[in-house]
Structures are given as structure tokens and as C-alpha cells.
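Protein chains in written order, with the working numbering: chain A, 1 to 406; chain B, 1 to 406.
Among these hints, one or two may not hold up.
Each pair may be met inside one copy or between any two copies, as identical chains are not told apart.
In the DSSO-like style, the derived pairs of lysine-lysine whose C-alpha atoms are separated by at most 27 Å in a straight line are [said to hold, decoys possible]: (1) 82 with 339; (2) 159 with 10; (3) 127 with 346; (4) 26 with 159; (5) 127 with 159; (6) 383 with 339; (7) 127 with 339; (8) 159 with 82; (9) 26 with 346; (10) 334 with 82; (11) 82 with 346; (12) 339 with 22; (13) 127 with 26; (14) 334 with 383; (15) 127 with 22; (16) 383 with 159.
In case anyone wonders, no lab produced these hints; they're calculated from the structure.
Number of protein chains: 2
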Amino acid sequence: MGNQSITAVKGFLAGAMHCGIKQSGKPDLAMLVSRVPATAAAVFTTNKVVGAPIVVGREHIRGGNVSACIINSGCANVCTGKRGLVDAREMCERTAVILTDRGIAMPTRNVLPSSTGVIGHFLPMEKIRSGIANLALHIGDAAEHGEAFAHGILTTDLKTKTAFTQFNIGRRAVTIAGCCKGSGMIAPNMATMLAYVATDAAISPTALRAAVRDTAESTFNCVTVDQHTSTSDTFAVLANGMAENPRIEPGTQSWRSFSRALEVLCDSLARQIAADGEGATKLVTVRVLGAATDADARRAAMAIANSPLVKTAIHGGDPNWGRFVSAAGYSGAKMNPDKAQCQVGKITVFRNGQPTDVSLANIQSAMQQFEVDITLNLGAGGKGTCRVYTCDLSREYIAINADYHT
Amino acid sequence: MGNQSITAVKGFLAGAMHCGIKQSGKPDLAMLVSRVPATAAAVFTTNKVVGAPIVVGREHIRGGNVSACIINSGCANVCTGKRGLVDAREMCERTAVILTDRGIAMPTRNVLPSSTGVIGHFLPMEKIRSGIANLALHIGDAAEHGEAFAHGILTTDLKTKTAFTQFNIGRRAVTIAGCCKGSGMIAPNMATMLAYVATDAAISPTALRAAVRDTAESTFNCVTVDQHTSTSDTFAVLANGMAENPRIEPGTQSWRSFSRALEVLCDSLARQIAADGEGATKLVTVRVLGAATDADARRAAMAIANSPLVKTAIHGGDPNWGRFVSAAGYSGAKMNPDKAQCQVGKITVFRNGQPTDVSLANIQSAMQQFEVDITLNLGAGGKGTCRVYTCDLSREYIAINADYHT
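Please put together the full structure from these sequences, using the hints given.
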């Protein structure tokens with residue numbers, strides 16, 4: 001297998017380094033660059049408290065073109081007022097100036113900034129300034145550069161999260177590759193994380209925005225670790241057109257192909273986030289059907305996925321399915337308990353308002369797998385469905401978050 | 001100090017015993033009886049999945065009179081279909097028959113049933129039948145009987161939760177005393193628990209219903225341990241009139257006195273639930289003000305109180321106030337971060353969109369107390385307020401709920 005990292009996409013360079021923000025010596029600064037300005041679309045957090053990089057990122061994405069993403073971890077630059085905004089703008093400006101010097105010309109407004117880490121502290125700008133200058137000299141398009149980037153955006157994640165796909169549009173091969181960070185402060189709207197996807201597809205801005213919006217809804221907005229929507233969520237797709245395919249326009253067959261490929265790729269990233277949630281020992285998929293509406297299905301699925309009682313039962317491998325059914329019951333979704341049905345894995349445990357006669361030992365064995373699937377039909381008589389990824393809740397989550405030092 | 005338990009109230013008898021539902025040998029059957037039919041009002045869970053005792057309890061409370069409450073723990077009788085309903089009705093019937101035999105005459109519809117414990121299992125009716133017969137012979141009005149009742153309704157609670165008050169209405173002394181269980185599956189609407197309050201006040205049914213509704217809203221509906229609204233919540237007030245005060249009518253001065261006393265009493269019970277939440281090491285009070293509406297204030301306060309990241313920061317005594325502010329940000333409440341203000345204890349940590357210059361060490365010391373107070377002004381320019389009680393999230397919560405056997 002050749003390079004399947006983000007730098008496998010034609011015209012993209014990347015890199016990461018430790019510039020001194022994190023005490024641990026781990027990478028804390030990362031950069032993704034397209035040799036030519038890319039058509040870009042992004043979805044940001046819905047939190048009303050947002051980091052300065054989100055404010056600046058929203059301004060910059062409006063232009064529709066992005067040439068570089070600059071990301072630091074270790075400090076989120078949130079709740080930092082005007083000084084935070086000045087700092088976020090300076091990160092973009094420094095990145096644009098130094099890359100332009102290196103022959104990849106771009107205006108400041110073509111740089112998308114992200115910061116992740118603790119809230120309420122100012123960025124150490126001295127370190128970031130020299131870090132950007134240094135990092136710009138070390139980006140490249142080899143596999144190691146893409147892998148360094150995937151490492152560089154992590155915080156408490158244990159693993160890098162990457163995905164890669166290739167397909168044809170017309171006679172041209174198109175590549176999409178991406179990576180993301182997740183782990184903690186992971187909840188929908190959108191799924192509280194940073195995700196960067198690069199493609200060499202040629203695609204119109206409208207077509208890209210539609211694909212990004214649809215994909216966010218069905219993938220990253222359907223993953224939750226701890227229901228705490230971050231102030232820094234960013235999912236950005238950069239399409240630089242270097243595949244030289246016929247430009248993808250909205251509503252066409254090639255748009256459907258592209259959207260489908262993007263969705264499959266982001267679905268993989270979303271599952272990786274859930275599986276590597278803070279303290280996670282299991283990957284949980286919650287499917288709700290028979291809901292009055294899709295929104296109702298989502299309410300019920302999220303209530304199940306976010307209930308600490310559900311997550312601890314799964315952690316313990318305990319066949320306590322009453323917690324799943326009762327979580328749906330308080331979700332606000334329409335539900336008819338007498339017609340509801342609940343499955344753990346492929347085992348039906350609850351039907352017609354009563355437990356089935358399946359043995360607890362059988363349910364327990366389904367609960368003790370690494371992947372636990374919960375399916376609940378709300379019995380509301382509709383066709384609404386939703387699928388949500390989450391993980392279990394372990395002592396390790398407490399250790400990570402109670403012992404974390406600000 | 002004399003008897004301050006629920007049997008301190010004139011005309012009330014109580015008791016509890018182990019009838020064999022729980023493996024542990026702990027009390028699992030409890031009974032509260034009024035010598036004369038009491039005017040009663042109750043609030044039940046808002047979960048759409050409810051236990052059979054809730055269905056029966058709603059029917060019985062409609063009559064307005066309750067003479068006895070019969071409660072078992074170890075099995076919730078939820079998701080048990082028609083058989084569950086038959087069992088819940090039989091619990092009431094057995095209780096009525098045997099107490100009538102003992103000279104406290106009552107119809108079946110005057111008995112309020114509750115069950116708490118695991119969901120999806122049928123009640124062991126043999127044990128409950130003989131338990132009721134046995135327990136009815138051992139109820140009494142001594143302090144030990146009231147204390148046994150307060151013990152008998154517990155599940156994973158570590159402590160009994162009781163409150164007592166006396167005051168005058170006209171020239172007559174009125175007593176109110178209550179107890180409750182909480183611990184896990186504790187969330188608002190209503191606060192997922194069983195609470196029984198007895199009073200000898202004479203009060204009209206309408207006046208009592210209004211007082212119970214108002215009190216539930218400001219006390220039990222403002223406590224959350226794990227946001228998981230139970231299927232079995234019951235808060236019942238029995239007023240048997242034996243104080244012989246002039247009957248309390250709605251909207252009068254005596255109604256306000258009674259309501260205020262009931263609220264203070266239930267506020268104490270609600271705080272006790274939070275302080276004894278599963279795995280709790282701290283009592284947390286979240287106050288939100290400056291909200292557009294009270295409903296918005298409640299949304300923000302609940303988002304803060306339910307965030308695992310907030311709860312683990314408090315557990316660790318970590319001065320990570322960004323988690324409080326960001327939880328309000330995703331709550332859906334209107335918020336203006338630039339005008340918002342956050343205090344930990346009496347220390348202002350965030351103001352005008354920026355951190356104050358208070359030292360982390362000072363915040364840390366406020367976070368390391370047993371009682372942690374978080375106050376957030378949303379800066380939305382309104383007068384909406386809400387106060388919520390919760391606890392921290394510890395490894396012990398995981399141990400209790402992951403290692404719990406169904």
C-alpha cells in the first residue's frame with residue numbers, strides 16, 4: 001500500500017511539530033496546505049460560546065477558498081475576548097506570509113485556523129510565531145508528512161483517525177483522504193472535533209457546501225462521547241481540482257458519487273472517534289426506528305447514547321436493557337411502550353410491552369462484545385430513523401477528566 | 001429531640017422489613033399508613049415508559065384520598081405489561097384488606113403503590129404477599145418505625161434522607177415530615193426518586209395539589225445526578241387533617257405558610273439526594289441568572305449540572321471553569337458570552353468575554369470544598385433564574401453502575 005494519508009491527495013502538503021505549547025513534548029502545531037487555492041466548505045460548532053478561531057474561520061470560509069489550515073493543540077483560545085481574536089488573525093497572517101515566501105501564494109483570508117485544548121487561557125504567541133515559521137519549512141507530500149499531520153492534531157486521543165478513498169469521475173481518478181481528532185468534549189451539533197478532508201476533485205462551491213452539510217448531519221453529528229459540544233468544532237473539506245475531472249455540479253450523478261464517497265469516508269472517521277472516546281473500551285451503535293420523525297429518532301438515540309446508566313451498563317457487560325428503553329422514554333420522542341421493541345445485537349429482549357423469554361446469559365454475551373449494537377423500535381408508527389455512535393463510560397474517563405490539569 | 005421521623009406526624013404509622021426480593025438481606029418492603037383517610041396529591045415521572053405502579057398510582061390518586069403507601073425495592077415492575085399491572089393492583093388490594101382487618105379501614109383505591117429497582121423483571125409476588133401480611137403486623141408510630149420506613153425505601157443510597165418541620169396555622173401546631181430515596185437514575189421531571197411527605201394539616205384537595213405542584217417544580221425537579229429520568233418517580237404528600245387547624249384553602253395566608261414550609265422541607269430532601277448521589281463526594285449548586293426566561297436559565301443550569309466534563313472537573317477539584325461556560329453555550333439558552341459572568345464560590349473567574357486575573361490557585365481552593373457553588377450570568381439581559389443541585393462524577397459511580405447485576 002502506498003501513501004493513504006492526507007498527502008496522498010494531489011497537490012496537498014502537510015506537517016506537524018512540537019512548538020512548546022504542551023508540556024508533554026507531544027506535537028502541538030500542524031499545517032495542511034494546498035499548492036493551489038482549494039474550493040472549501042466547512043461546518044463549525046453550534047455552541048454559543050465559540051473560540052476566536054471559529055469567529056475568524058467563519059469569516060475566511062465565506063470567501064470560498066482555502067489554501068492552508070493551521071491548527072494548534074494545548075490551548076483552545078476560547079473565552080479570550082479581543083486579544084484572542086487578534087491572536088487567531090495573527091496565526092493566519094503568519095501562515096500566509098511564510099507560505100507565500102515559500103512560493104505558495106495566498107492571502108490571509110485563505111487560511112483556516114483551529115485551536116483545541118483548555119478554555120480561558122491566551123495563546124502563547126511567541127511559541128506559535130516561531131513554530132509556524134519553522135513548520136512551514138518542514139511540510140511535504142510524503143506519507144510521513146500526512147501521518148505527522150494526523151498525529152499533530154490529536155489531544156487525548158490514543159490513535160490517529162484517518163480514512164482514504166479513490167473513485168472515478170468521468171475518466172479521471174479522484175482521491176479523498178481525511179483525518180480527525182476526537183476523544184473528549186465530543187457531542188453532536190457538530191460532533192465536537194476537528195476533521196480535515198482533502199480531495200483533488202474539481203467541484204463547484206455550491207455542490208461542495210451541499211455535500212459537506214449532508215455528510216456532517218449523517219456522520220459527525222451522529223457521534224457522541226460525553227454530550228459536551230465543544231467550542232472549537234471544525235469540519236473542513238478542501239477540494240483543489242487537481243484531478244482535472246469535469247467539474248462536479250449540484251444534483252448530478254457525479255455529485256451523488258462524490259457525496260456518497262465523502263459520507264462513507266466521514267462515517268469511518270466518526271466511528272473511529274467513538275471507538276477512541278476518552279476511556280472507551282467499546283464501540284456502541286445505537287439505532288432507533290419506528291419513530292414519528294427522524295428528529296424524534298435522533299432525540300431517542302442521543303438520550304440512549306448519552307445516558308451514563310446506559311454507558312456504564314455497557315462498560316460492565318451487564319444485560320440491563322431496561323436502561324435503554326427508559327432512556328428513550330424520557331427523550332421527548334413519541335413512543336408507544338406497548339408496541340416498542342428492543343434488540344441487543346440480534347437478540348430481541350423486549351416486545352409488546354414485556355420482556356421476551358431469552359436468557360440473561362445470552363443477552364450478557366452480546367453485551368460483552370467489543371462492538372455493542374442496540375436497536376430500539378419506538379412503536380410510534382412512523383418511519384423516522386437515526387443511527388448514533390458512542391462508547392462506554394469507564395473509570396478511565398473519570399481519571400482523564402478529573403485529573404486533567406488546566 | 002423527640003421523634004422527627006415521618007411517624008412524628010399525628011395519625012401516621014410506618015414500618016419496613018426484608019421480604020426476600022433483595023439478595024442482600026436489606027429491607028425491601030415499606031409501608032406508610034394514615035389512621036384516617038388523608039387528602040393526597042402526587043407528582044409522577046414524566047418518562048413515557050412507566051412502571052405498572054405509576055399507572056395504578058395515577059388512577060388511585062385521582063380519588064384524592066390515600067390511606068396507605070406500599071413500596072418495594074429490588075424490582076421496579078416496569079416493562080412488565082399486563083402481568084405487571086395485575087401484580088401492582090394486587091399489592092394495593094392485599095395492603096387494603098389486611099389493614100382493614102387490623103381496624104384501619106380503606107378501599108383498595110386508597111393505596112398508593114411504588115416499586116423501585118431493576119426494569120424488565122416480574123415481581124416475586126409470593127414473597128410480596130407474605131411480606132405485606134407480615135409487615136402490617138409490625139407497623140407503629142414510634143421513632144424506630146419512621147426510621148425503619150426511611151431505611152426501607154432506599155436502594156443504593158448510603159444515607160436515609162429525612163426532613164421535619166413544625167409551625168402554627170391559627171392556634172394549631174401543624175407538623176410536616178418526609179423522607180425520600182434518590183442516588184441513581186436521578187434527573188428532573190420529576191427528580192427520579194420516591195418521596196413521601198406526611199402532614200397532619202387540614203387542607204383542601206385543590207390547595208394541596210397546588211402546593212405539591214409548585215414544590216416539585218422548585219425542589220425535586222431541580223436535582224440531577226445522572227440526567228436519567230426514572231420510570232418510577234413518585235412524590236406524594238398525605239395530609240390527614242388531624243392537627244384540626246382551620247382547613248387551608250388556596251391563595252390564603254395559611255396556604256402560603258404551608259406551601260413555604262413544604263418547599264423548605266423538600267428543598268432539604270432534594271439537597272440530600274444530590275449529596276448522596278451515586279459515587280458523590282461533593283454537593284454542587286448551579287445557579288444561573290441573567291437569562292431571557294426561567295426556562296432558559298433551567299436549560300443552562302441543567303446542561304452544566306449534567307455535563308460529565310463539569311462533574312469530573314469538580315471531582316478533581318480542577319479550576320477548569322471553561323467547561324461551565326461552554327456547557328451553557330450548548331444548552332440552547334440565549335447567551336451573550338461578551339456580557340456573561342462566571343463565579344466559582346465567591347470568586348469571579350470570567351467577565352466581559354475574558355478571564356479575570358484571579359489566580360488558578362484561588363479558584364482551585366474554591367473547587368476543592370465539599371460544597372461547590374457555580375454561578376453563571378448568561379448576559380442575555382433578562383431576569384430568568386434557576387438553581388439546580390447535583391454532585392460530582394467519580395470512579396465509584398462507574399463501579400456502582402457497571403458492576404450492578406440485573
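How the hints compare with the structure:
In the homo-oligomer, the alpha carbons of residue 82 and residue 339 lie at most 27 Å apart only across protomers (13 Å), although the nearest pairing inside one protomer, at 55 Å, exceeds that limit. Taking the shortest Cα distances, residue 159 and residue 10 sit within 27 Å of each other inside one copy (25 Å), while across copies they are farther apart (65 Å). For the homomeric pair residue 127 and residue 346, neither the shortest alpha-carbon distance inside one copy (53 Å) nor that between copies (34 Å) is at most 27 Å. In this homomeric assembly, residue 26 and residue 159 come within 27 Å of each other (Cα to Cα) only inside a single copy, at 13 Å, whereas the closest approach across copies is 46 Å.
When the C-alpha separation of residue 127 and residue 159 is checked against a cutoff of 27 Å, the pair qualifies only within one copy, where the shortest distance is 26 Å, while the shortest distance between copies is 53 Å. Proximity of residue 383 and residue 339 under a CA criterion of 27 Å is satisfied intra-copy only: 14 Å inside one chain copy versus 44 Å between copies. For the identical chains of this complex, residue 127 and residue 339 are neighbours neither inside a copy (60 Å) nor across copies (30 Å), given an alpha-carbon limit of 27 Å. Proximity of residue 159 and residue 82 under a CA criterion of 27 Å is satisfied in neither setting, with 35 Å inside one chain copy and 49 Å between copies.
Neither within a single protomer nor between protomers do residue 26 and residue 346 lie at most 27 Å apart by alpha-carbon distance, with minima of 42 Å and 36 Å respectively. For a Cα distance limit of 27 Å, the shortest separation of residue 334 from residue 82 across copies, 21 Å, qualifies, whereas the shortest one inside one copy, 45 Å, does not. In this assembly of identical chains, the alpha carbons of residue 82 and residue 346 lie at most 27 Å apart only when taken from different copies (26 Å versus 54 Å within one copy). In the homo-oligomer, the alpha carbons of residue 339 and residue 22 never lie at most 27 Å apart, since the shortest distance is 53 Å inside one protomer and 30 Å across protomers.
In this assembly of identical chains, residue 127 and residue 26 lie within 27 Å of each other by CA distance solely inside one copy; the values are 14 Å within and 61 Å between copies. For a Cα distance limit of 27 Å, the shortest separation of residue 334 from residue 383 inside one copy, 12 Å, qualifies, whereas the shortest one across copies, 33 Å, does not. Taking CA atoms no more than 27 Å apart as the test, residue 127 paired with residue 22 passes inside one copy only; the shortest distance there is 11 Å, against 61 Å between copies. Proximity of residue 383 to residue 159 under the C-alpha cut-off of 27 Å is found in neither arrangement, the shortest distances being 37 Å within a copy and 46 Å between copies.
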